[in-house]
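The sequence shown runs 4 to 346 under my numbering.
Just so you know, the hints here were simulated from the structure itself, not pulled from any lab data.
One should not assume that every hint holds.
Here are the simulated distance ranges between beta carbons [stated by the list, open to error]: (1) S37 <-> A157: 26 to 34 Å; (2) K280 <-> D169: 52 to 60 Å; (3) S161 <-> S37: 28 to 36 Å; (4) A308 <-> P196: 50 to 58 Å; (5) V302 <-> R149: 19 to 27 Å; (6) P297 <-> A329: 26 to 34 Å; (7) P166 <-> V302: 29 to 37 Å; (8) G142 <-> T226: 18 to 26 Å; (9) S192 <-> Q250: 19 to 27 Å.
In the DSBU-like style, the derived pairs of lysine-lysine whose C-alpha atoms are separated by at most 30 Å in a straight line are [to be verified]: (10) K265 <-> K310; (11) K310 <-> K280; (12) K251 <-> K310; (13) K265 <-> K251; (14) K280 <-> K317; (15) K265 <-> K317; (16) K251 <-> K280.
Where a beta carbon is used, it is the ideal one built from N, C-alpha and C, also for glycine.
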Amino acid sequence: MREQKNRYAKLMVCVLSLVLLYGCAAGGRPDIVSEDKKEGEAYSNADVRRMTIEHPGTLSGDYFLKRAYPEKPAGDDRPALTWARGDSQDRQQPAQAASAKPAGTRQSVSTGIYKIGLMAGADAKDDFTPRRLHHAAAGLTLEQSRVIGPEQIADVASSANCPNRDMLSCVGQQAALYPGVHMLVAVDSLSLPENFPGRAAMRVRVMDTGLDYVHAPLEMTRTLEARDQAEEFVQQALQRAFDFAEQKADVMPVHCRVFSVKQDRIYISAGAASRVKPGDEFSVVSSGQVVDTPAGLPVAWVPDAPKARLRVEKMVRDDVASCSLADGQTPQPGDYVLMSPVK
């Protein structure tokens, strides 16, 4: 079996190499996105790509499976947004402006969506306010998640009384309990030019609250030709950050947390806004095992054996549901509620 996989991998390398060589010989990028079929051909270039290189476990990994292929509108000559990881791994090349991602590029879940919180830094200046970030976040294009705005995250931070030196981790842990934030995007700095043309820059960190893991910082820059491009830059940079957060969120399954237990009622941080409805039943686990790469990056999370099964009784708020214990031990605040319904 291993030898067969090696032969398959080598074949895929050869196919990919031929595609790249053909593109170079043609004097441009290889066409792997066109859906048009030429006369006499049974498959389009996109069909060939899907059949040959879009397979997990090959040299390309998940890159082609998760990559979106937006078309550049005619006459779109906006300057590129340059962004890079803060570490040497997985460094990104300058990319075109973010655009709406095609439906179906991510496998949907039957119940539950990721919640991604947006957090403004403690040293906010005039160009760097929760209001500006909230306005920009309203225009984000998200597939399987929704935004918990900076005002709500600021309320979490103030009630938690987090120390500045450990603000991100502290806020992330509290926001994970309620309102049930899975990923937290923290804008550490935002710099907009006073004179134009000038350089704009945003630095963000993304935290997986379930793993208590903070990814390497993202740095995004762009040269602005005029003042009216500032809002576009902020939204564009946030779109990159949220795309990254969505990509990293699937290390863990969609989940929420038990945040309160009162007598025979168990309250979870998911409600109607997370597609939860009365009658749903969910498994509860206390923890799980993180699977890391040799470099220490989390790539998977294996939940422990379920300790309980909850049945949703009623919606309390958009992000709160009241549950009863259907089976097992009474959960404790902080336990993980796996959002795939129990069959």
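Hints and how they fare:
no.	hint	verdict
1	S37 <-> A157: 26 to 34 Å	violated, 46 Å
2	K280 <-> D169: 52 to 60 Å	violated, 37 Å
3	S161 <-> S37: 28 to 36 Å	violated, 52 Å
4	A308 <-> P196: 50 to 58 Å	holds, 55 Å
5	V302 <-> R149: 19 to 27 Å	holds, 25 Å
6	P297 <-> A329: 26 to 34 Å	violated, 41 Å
7	P166 <-> V302: 29 to 37 Å	holds, 31 Å
8	G142 <-> T226: 18 to 26 Å	holds, 21 Å
9	S192 <-> Q250: 19 to 27 Å	holds, 23 Å
10	K265 <-> K310	holds, 18 Å
11	K310 <-> K280	holds, 22 Å
12	K251 <-> K310	holds, 27 Å
13	K265 <-> K251	violated, 34 Å
14	K280 <-> K317	holds, 7 Å
15	K265 <-> K317	holds, 15 Å
16	K251 <-> K280	holds, 27 Å
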